[in-house]
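Asker: All chains, please: the whole structure from these sequences, using the hints.
Given next are the chains, with one letter for each unit.
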Amino acid sequence: MEEAVPAVASAPAPREVAFEFRATGSEYFRIWIVNLLLTIVTLGIYSAWAKVRRLRYFYGSTALDGTSFDYHADPKAILKGRLIAVLAYVVFTFAGRISPLLTLALLPALMFAVPWLVLRSRRFHLRMTSWRGLRFHFHGEYRQALAAYVGWVLLGSLTLGILIPLSMWKRANFLLSNAAYGSQRFGFTTTVGRFYRFYLLGFLLAIGAMLVAVAVAAGGFAALGTTPKAGTPGPALVGIAAVLVPLVVAGAYFKASLANAAYGGLAIGPHRVRSTLRTLPLTGIILTNLLGIVFTLGFYAPWAKVRLLRYQLSQTVLLVDGDLEAFTAGVADDSTAVGEEISEIFDIDFGL
Amino acid sequence: MAPIHGRYFDAQRSRPVAAILSCDGEEGVRLQAEAVTRSDVLSTVVISDRIGAIPRRLRFPDGALFETDDNDAIDALLPGARMSPGWVHRLEQRWRVVLLSLLAVVATCGLFLQFGMPWLAHRVADALPPGIDAAIGARSLEILDRSLLLPSALPEARQQQLNDLFNRMAADAGSGQPLRLVLRDSKALGANAFALPAGTVILTDSLVAMSRDDEELQAVLAHEIGHVRQRHALRQLLQGAGVSAMSVVLFGDLTSLSALTGAVPLLLQAKHSRDFEREADAFARRWLAAHRIATHRFDDILCRMTIERNDDRADLPDYLSTHPATQDRAACAAGGSRIIREPAHP
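Heads up: the sequence lines are chains A and B, in that order. First residue of the first sequence: 1, per this note's numbering; consecutive thereafter. First residue of the second sequence: 1, per this note's numbering; consecutive thereafter.
None of these hints come from the bench; they were simulated from the model. Some hints here could point you the wrong way.
Which stretches of chain B does chain A cover? Using the computed rule of at least three CB atoms under 8 Å from a CB of chain A, they are [said to hold, decoys possible]:
(1) 12-22
(2) 86-94
(3) 104-110
(4) 182-196
A short list of chain B residues far from chain A (calculated; beta carbon distances all over 12 Å) [claimed, not checked]:
(5) G28
(6) L148
(7) G176
(8) M246
(9) V248
(10) D275
All residues carry an ideal CB built from backbone N, CA and C; glycine is no exception.
Answerer: And the structure:
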């Protein structure tokens, strides 16, 4: 049976399978606003159902090779996690306000909690995601998470940042090479050198943006000194733009490079991912989104989110070697929503 | 019912198989695919909620999956509203409902920010022990002394006089944080007075020099005591936490915009700060009235402070300023506007 072993035969060029994104701003706006209304009416209880509905909408709108993704979390589990998270947040906030010493005492605990939270959150999130009837999984362990989120970060700051790109590579490697689709473990092929290259350039861009900001601020102060009254908002707006735009460019460069280096290094069995986000289009989207949100008092936000996601997904391609039909189911593990909800309320970002 | 076309997944492999779903008697569904034919009782099949135009999924008891883009056909399959609570989707489909939701959300948020949150913060502050205020700004004076403040250059006797004046005021200013006057000089702050949450009221030499008599100083001190007695620092903190929580609820799913959601509480903080200033103004006027001092003495010195500062902030739009515009605040219209036009006396 010759055709049973196509992967070994002289490799034909891989097929490019693009991610399709079918969400629209107006559809998401309606989901968002009804979610908000129901959340308000139920004094926040509905927020768990709202989250599931929002994620199901976005996952269901993202398709690969003709099939969309799905999100399976049970809103009741999320609600439970959320209640615990809010409780933890209230306790932590008030501990800090009442006694800064207590916060200091809690910091080491938090340091060890963050890797645990990231781990639980990733496990829950991937477990609740599926494609073609098979779930994703996350096989990371606490020891690895501790190294990626505490150990390497400490080393990075101890070496005055020289090891920061390496620590970010370790983090990406932890997050991606521990993920799995069904029984297929992901691989991560990006070199550490690539992280160093974009960190260096991003660092220079950030310094440039900072210099521009300082120059504009200095110019602004000088202008205040000479002109008797700076009443008109015109110069102030130009100043804000002059400070904001370079910072957004630097941020977009970094965001695009990190995504390209991280997701572009994914190996899923024989298949590869290509990520080609570019700085200037991303800057344009971020800036126009910002303007839209400011001028609509926030109500442009759903369109902004859809636009950003659409661009990101349009630049992500799966290079398929053979077909996508041979994946098999993985072993189910149990997971709860507590870690994810605590991470969310404390704004703990896993960093990709 | 017309058969529904879709894809079938067996939950073991990622291979899609073209499949057709049809009714099987009253309570069943029948699925036909390449090498599979199955019949299930409808009540054992989990049908996903309809959201936008995303594909609908039917999950069979063994985990196998049927997926179709034909949302309407699936809805038709459902006997009434028994299986799926599609009401959320129906709300989302009606633009009138969406528009009403928008109005309701805006109105609720507006009312909550304007009335609900300040009221709630006030009640919570009342429930908290007085010691908490002291904790908020425990080291503020220390930090200010190191950065902006210099020791007062007023003669010893004058300092004693002012302290006595303040202590008399503090004695009948109600219970709460113990009040203390601190006299300081400051080039950076000019003619100024402010209160720390722990009950320390700071008065600068320039303000003492600017006042025409002690009644004006009492008016300013009463305003600062108002801040302490009404626990504005604690309430500001509580309101800030409330606004943060609200902006997370509204925009929390937009992580890429988190910098912007951070700005919302900041803008609102300025608004809350203005409300507290007005409240302290009212406290000062009540105190003056109770002590048979003309309330316009407060407006007089406030207007003069504004002129002395050559108030740049007067140009700021109201929503960015932490203090209300002085004209608005001191009702400078009658007596005050005359003072404003007067050249400032040295």
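Asker: None of the hints should be skipped; say for each whether it holds.
Answerer: Here's how the hints hold up against the structure:
1. For the stretch 12-22 of chain B, the proposed coverage by chain A is satisfied: 5 residues have a C-beta within less than 8 Å of a C-beta in that chain, meeting the threshold of three.
2. For a cut-off of 8 Å, the count of residues in the stretch 86-94 of chain B with a CB near a CB of chain A stands at 4, and the three-residue condition holds.
3. Three residues within the 8 Å Cβ limit are the bar, and the stretch 104-110 of chain B against chain A gives 3, so the coverage statement holds.
4. Requiring three or more residues with a Cβ within less than 8 Å of a Cβ of chain A, the coverage given for the stretch 182-196 of chain B is violated, as only 0 such residues are present.
5. Listed as outside the interface, G28 of chain B is consistent with that label: its C-beta sits roughly 21 Å from the nearest C-beta of chain A, beyond the 12 Å cut-off.
6. Consistency note on L148 of chain B: stated as away from chain A, and its beta-carbon is indeed over 12 Å from all of that chain's, at 19 Å minimum.
7. A cut-off of 12 Å between C-beta atoms confirms that G176 of chain B is not in contact with chain A; the least separation is 18 Å.
8. Not every CB of chain A lies more than 12 Å from the CB of M246 of chain B, the least distance being 10 Å, so the non-interface label is violated.
9. With a closest Cβ-Cβ approach of about 8 Å to chain A, V248 of chain B is found to fall inside the 12 Å limit, against its non-interface label.
10. Every CB of chain A lies more than 12 Å from the CB of D275 of chain B, the least distance being 20 Å, so the non-interface label holds.
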